[in-house]
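Chemist: In the numbering used here, the protein residues as written are 85 to 211.
Accuracy of the hints is not assured; some may be wrong.
Listed next, the in silico SDA-like pairs over lysine to any residue satisfying Cα-Cα at most 20 Å (straight line) [said to hold, decoys possible]:
#1 LYS161 - GLU181
#2 LYS171 - LYS156
#3 LYS161 - VAL120
#4 LYS89 - TRP99
#5 LYS156 - PRO194
#6 LYS171 - ARG115
#7 LYS171 - GLY95
#8 LYS155 - GLU116
#9 LYS89 - HIS206
#10 LYS155 - VAL111
#11 LYS179 - ALA168
#12 LYS179 - ILE205
#13 LYS89 - ARG209
#14 LYS179 - GLY197
#15 LYS155 - GLN104
#16 LYS179 - ARG115
#17 LYS179 - ARG209
#18 LYS161 - SER195
#19 LYS179 - ARG160
#20 LYS179 - GLU109
#21 LYS89 - ILE205
#22 LYS179 - SER138
#23 LYS179 - ARG191
#24 LYS155 - SER195
#25 LYS171 - GLN104
#26 LYS179 - PHE119
#27 LYS156 - GLU109
#28 LYS179 - GLU116
#29 LYS103 - ASN186
#30 LYS89 - VAL111
#31 LYS171 - SER138
#32 LYS161 - PRO151
#33 LYS124 - ARG160
#34 LYS156 - THR188
Hints were generated in silico from the structure; no laboratory data involved.
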Amino acid sequence: QNIEKRYGVIGGRDWRWRKQQAIDEDVNACREGVFVAEEKGEPVGFVSCELSASTAIGHVRNFAVLPGHQKKGIGRKLLDAAFAFLKKSGMAYVKIETLEQNDTCQRFYPSIGFEEMARNIHYIRPL
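Input sequences plus hints: build the corresponding full structure.
Modeler: Below is the structure:
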């Protein structure tokens, strides 16, 4: 989304399309590590995991709860399911990232035991 704010839609595909591709990749790579929260039969949040047997560090790749459903414990329940799956799968640690502009997650993740390890700067330029 940050890219589009600067350059507009690229290649006829918006950030939502790119995010959907990332989620599809997560499902194809580790279907059993994807959890969806529903209310009244409608999806309101999800989390996807990645396993790394060689490092024993699991990764929460994508995680979201619809804005109107946040602060109800849904995100925590999704992450608890992800953590249980990762632990059962032999992971010793779990990592997760968020963007600098995501104040909600910057407060939420430390509140559930995560410690900031590093910051990553993303660059882009036209070719």
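Chemist: All hints are to be evaluated individually against the structure, with a verdict given for each.
Modeler: Going through the hints against the structure:
Proximity of LYS161 to GLU181 is assessed by CA-CA distance (about 18 Å); at most 20 Å being required, the pair is judged to hold. Of the pairs offered as hints, the one joining LYS171 and LYS156 is violated, with about 25 Å between alpha carbons and a cut-off of 20 Å exceeded. Our distance criterion of 20 Å between C-alpha atoms is met by LYS161 and VAL120, whose separation comes to about 10 Å. The suggested pairing of LYS89 with TRP99 holds, with an alpha-carbon distance near 10 Å, which does not exceed 20 Å.
Distance restraint check for LYS156 and PRO194: the Cα-Cα separation of roughly 18 Å lies within the 20 Å cut-off, and the hinted pair is therefore satisfied. For the given pair, LYS171 sits about 16 Å from ARG115 by alpha-carbon distance, which is consistent with the 20 Å threshold. The suggested pairing of LYS171 with GLY95 is violated, with an alpha-carbon distance near 39 Å, which exceeds 20 Å. Between the alpha carbons of LYS155 and GLU116 the distance comes to roughly 26 Å, so the proposed pair goes past 20 Å and is violated.
Of the supplied pair hints, the one linking LYS89 and HIS206 holds, its CA atoms being roughly 14 Å apart against a limit of 20 Å. Between LYS155 and VAL111, the direct Cα distance comes to roughly 26 Å. Violation of the 20 Å bound is thereby established for this hinted pair. At roughly 14 Å between alpha-carbon atoms, LYS179 and ALA168 fall within 20 Å of each other, so this suggested pair holds. Only pairs whose Cα atoms come within 20 Å are accepted, and LYS179 paired with ILE205 is accepted, the gap being roughly 17 Å.
Between LYS89 and ARG209 the alpha-carbon distance is near 13 Å, which keeps this suggested pair within the 20 Å criterion. About 11 Å separates the Cα atoms of LYS179 and GLY197, which keeps this hinted pair within 20 Å; it holds. Among the hinted pairs, LYS155 with GLN104 is inconsistent with the structure: their alpha-carbon atoms are about 24 Å apart, more than 20 Å. Restraint check for LYS179 and ARG115: the C-alpha separation of about 19 Å stays at or below 20 Å, so the hint holds.
Proposed proximity of LYS179 and ARG209 is contradicted: the alpha carbons are some 28 Å apart, above 20 Å. Note on LYS161 and SER195: the hinted pairing holds, with a Cα-Cα distance of about 14 Å set against a maximum of 20 Å. For the proposed pair LYS179 and ARG160, the alpha carbon gap of about 15 Å is at most 20 Å, so the pair holds. For the suggested pair LYS179 and GLU109, the alpha carbons sit about 18 Å apart, so the restraint of at most 20 Å is met.
With a C-alpha separation of about 17 Å, the suggested pair LYS89 and ILE205 falls inside the 20 Å cut-off, and the hint holds. A hinted pair counts as satisfied when its Cα atoms are at most 20 Å apart, and LYS179 with SER138 qualifies at roughly 15 Å. For the given pair, LYS179 sits about 16 Å from ARG191 by alpha-carbon distance, which is consistent with the 20 Å threshold. Between LYS155 and SER195, the direct Cα distance comes to roughly 13 Å. Compliance with the 20 Å bound is thereby established for this hinted pair.
Proximity of LYS171 to GLN104 is assessed by CA-CA distance (about 26 Å); at most 20 Å being required, the pair is judged violated. As the CA atoms of LYS179 and PHE119 are separated by approximately 17 Å, the hinted pair is consistent with the 20 Å bound. Between the alpha carbons of LYS156 and GLU109 the distance comes to roughly 28 Å, so the proposed pair goes past 20 Å and is violated. Proposed proximity of LYS179 and GLU116 is supported: the alpha carbons are some 18 Å apart, at most 20 Å.
Using a Cα cut-off of 20 Å, the hinted pair LYS103 and ASN186 holds, with the two alpha carbons roughly 16 Å apart. At most 20 Å may separate the alpha-carbon atoms for a hinted pair to count; LYS89 and VAL111 exceed this at roughly 28 Å. Restraint check for LYS171 and SER138: the C-alpha separation of about 14 Å stays at or below 20 Å, so the hint holds. For the hint linking LYS161 to PRO151, the alpha-carbon distance of about 16 Å falls within 20 Å, and the restraint holds.
Of the pairs offered as hints, the one joining LYS124 and ARG160 holds, with about 19 Å between alpha carbons and a cut-off of 20 Å not exceeded. Taking the CA atoms of LYS156 and THR188, the gap is near 14 Å; set against the 20 Å cutoff, the hint holds.
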